[in-house]
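Q: This is what each chain is made of:
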Amino acid sequence: GAGVSQTPSNKVTEKGKYVELRCDPISGHTALYWYRQSLGQGPEFLIYFQGTGAADDSGLPNDRFFAVRPEGSVSTLKIQRTERGDSAVYLCASSRQANTEAFFGQGTRLTVV
Amino acid sequence: GQNIDQPTEMTATEGAIVQINCTYQTSGFNGLFWYQQHAGEAPTFLSYNVLDGLEEKGRFSSFLSRSKGYSYLLLKELQMKDSASYLCAVAGNNRKLIWGLGTSLAVNP
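Quick mapping for you: the protein sequence lines, in order, are chains A and B. Position 24 of the first sequence, counted from 1, bears residue number 24 in the numbering used here, the numbering being contiguous throughout. Position 42 of the second sequence, counted from 1, bears residue number 1042 in the numbering used here, the numbering being contiguous throughout.
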């Protein structure tokens, strides 16, 4: 596609529910990143995929967070038993290779009530 | 530890020049990025430096000194639309980007 696409753009969920956030990267980009960003903060790294594999998942805050990229393209970030502290904008970015210019999607604003 | 420091806020006047500094301490270095982020929007790429020196791109320039762990973003002929947050990010040993908190720039008429 023309750019990185993230769906949904907004998600409101109740505490304790399960959510999935989707990222469709730019075609041909092998590197894919998930970040989350709170108001007034820089992006916080969550996980980085190179192809289908998670090259670095050290930013996932706990085992309620999981992400997959089964075919090396679309990625899904999954959050179980959501908590109010999970509320943030979740950003996805892709780049042709690691360490080259990354293009960001518009983000998914997650609100846990 | 790993650390990226940049000023929290800056103010400048339309038409002027402003320099936003970034200092870093990271495990390894594989390049420094500057991104612009308008409120409510995703970051957009401005520049990438991996070698020492100045990279110029239109009204925006970025400078890097690896020995000093220092970079700056220079914005010339400021326009109102340049009011945004400017994020400095460094690619470390594993190429994971380490982000600063951003500098909020307000351009006044």
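One should not assume that every hint holds.
[Unchecked claim] DMTMM-like, lysine to aspartate or glutamate: derived pairs with alpha carbons at most 20 angstroms apart:
1. A:Lys-78 to A:Glu-44
2. B:Lys-1068 to B:Asp-1005
3. B:Lys-1068 to B:Asp-1052
4. A:Lys-11 to B:Glu-1041
5. A:Lys-17 to A:Glu-83
6. B:Lys-1057 to A:Glu-44
[What the hints assert, rightly or not] If you want a taste of the chain B side facing chain A, the calculated C-beta under 7 angstroms gives, among others:
7. Ala-1039
8. Lys-1057
9. Gly-1058
10. Phe-1060
11. Phe-1063
12. Gly-1092
13. Leu-1101
[As the list claims (entries may be wrong)] Stretch-level coverage of chain A by chain B, calculated; a stretch enters the list once three of its residues show a Cβ under 8 angstroms from a Cβ in chain B:
14. 9–23
15. 105–112
Hints are computed from structural coordinates only; laboratory data are not their basis. Think of the CB as a built atom: it goes at the ideal place given N, C-alpha and C, for glycine as much as any other residue.
Q: Give a verdict on every hint.
A: Structure-based check of all given hints:
{"no.": "1", "hint": "A:Lys-78 to A:Glu-44", "result": "holds, 17 angstroms"}
{"no.": "2", "hint": "B:Lys-1068 to B:Asp-1005", "result": "holds, 13 angstroms"}
{"no.": "3", "hint": "B:Lys-1068 to B:Asp-1052", "result": "holds, 10 angstroms"}
{"no.": "4", "hint": "A:Lys-11 to B:Glu-1041", "result": "holds, 16 angstroms"}
{"no.": "5", "hint": "A:Lys-17 to A:Glu-83", "result": "holds, 8 angstroms"}
{"no.": "6", "hint": "B:Lys-1057 to A:Glu-44", "result": "violated, 27 angstroms"}
{"no.": "7", "hint": "Ala-1039", "result": "violated, 10 angstroms"}
{"no.": "8", "hint": "Lys-1057", "result": "violated, 12 angstroms"}
{"no.": "9", "hint": "Gly-1058", "result": "violated, 16 angstroms"}
{"no.": "10", "hint": "Phe-1060", "result": "violated, 14 angstroms"}
{"no.": "11", "hint": "Phe-1063", "result": "violated, 18 angstroms"}
{"no.": "12", "hint": "Gly-1092", "result": "violated, 10 angstroms"}
{"no.": "13", "hint": "Leu-1101", "result": "holds, 5 angstroms"}
{"no.": "14", "hint": "9–23", "result": "violated (count 0)"}
{"no.": "15", "hint": "105–112", "result": "holds (count 3)"}
Checked against the numbered hints above, the structure breaks hints 6, 7, 8, 9, 10, 11, 12, 14 and satisfies the rest.
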